[in-house]
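With these hints in hand, go ahead and build the complete structure from the sequences.
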Amino acid sequence: MCTLRDSRCINAILNIYRRQFVDSCTDFITTENNGNNSGSASLPHKPGRKMASQCSKIPVPFRTLAYCEGVHYGTEQDWNLILELFRNEIVQVEKERLLVALACSRDTHTLKMLLTMASDVNSTIIRLQDKPSVFTHVGSRIIGKKIILDFFY
1 MCTLRDSRCI
11 NAILNIYRRQ
21 FVDSCTDFIT
31 TENNGNNSGS
41 ASLPHKPGRK
51 MASQCSKIPV
61 PFRTLAYCEG
71 VHYGTEQDWN
81 LILELFRNEI
91 VQVEKERLLV
101 ALACSRDTHT
111 LKMLLTMASD
121 VNSTIIRLQD
131 KPSVFTHVGS
141 RIIGKKIILD
151 FFY
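Numbering (full-length UniProt numbering), first residue to last: 1 to 153.
Take these hints with a grain of salt, some might be off.
As the list claims (entries may be wrong) - Restricting the straight-line Cα-Cα distance to at most 27 Å, the calculated cross-link-like pairs of lysine-lysine (BS3-like) are:
1. K145 / K112
2. K112 / K131
3. K131 / K146
4. K131 / K145
5. K146 / K50
6. K112 / K146
7. K50 / K145
Stated by the list, open to error - Between beta-carbon pairs, the in silico distance windows are:
8. D150 / I90: 29 to 37 Å
9. S119 / I143: 34 to 42 Å
10. R8 / K131: 34 to 42 Å
11. V60 / G139: 24 to 32 Å
Treat the hints as calculated values from the structure; they're not laboratory data. We put the CB at the ideal spot given by N, CA and C, even for glycine.
Written out as structure tokens, the structure is:
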């Protein structure tokens, strides 16, 4: 339904994104900084280090869609939040969901910046084995196809 850009679906997924992800992860970091643990002791975690796998309350089957739509219809702050969570994440499956979301931006400058990060062999933000995925994900979006062509030519 959201693939058809149905406004009801988009509004519903954006509400989920805000309430069960942005607000939840903001509360999580505040709690962590106050010295209280979120209750998830199974993963190594440094206080003050946000990880989507620990703070997201979005049901797993909807996370990729919610993160992507949140970035697509969101602000630069949404993209920056996803990037921060991507950098901190240690669960590879969640990290991949966040990487997909980074490529969902509508902002051409942001997408070019992401491609630049991916093409920099010295960059530690995106692991070497994840770099090709950035181009795949950006290229899978309508706006991304042109950006990739312009990026290389």
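Those earlier numbered hints the structure runs against, lowest number first: 5, 7, 9
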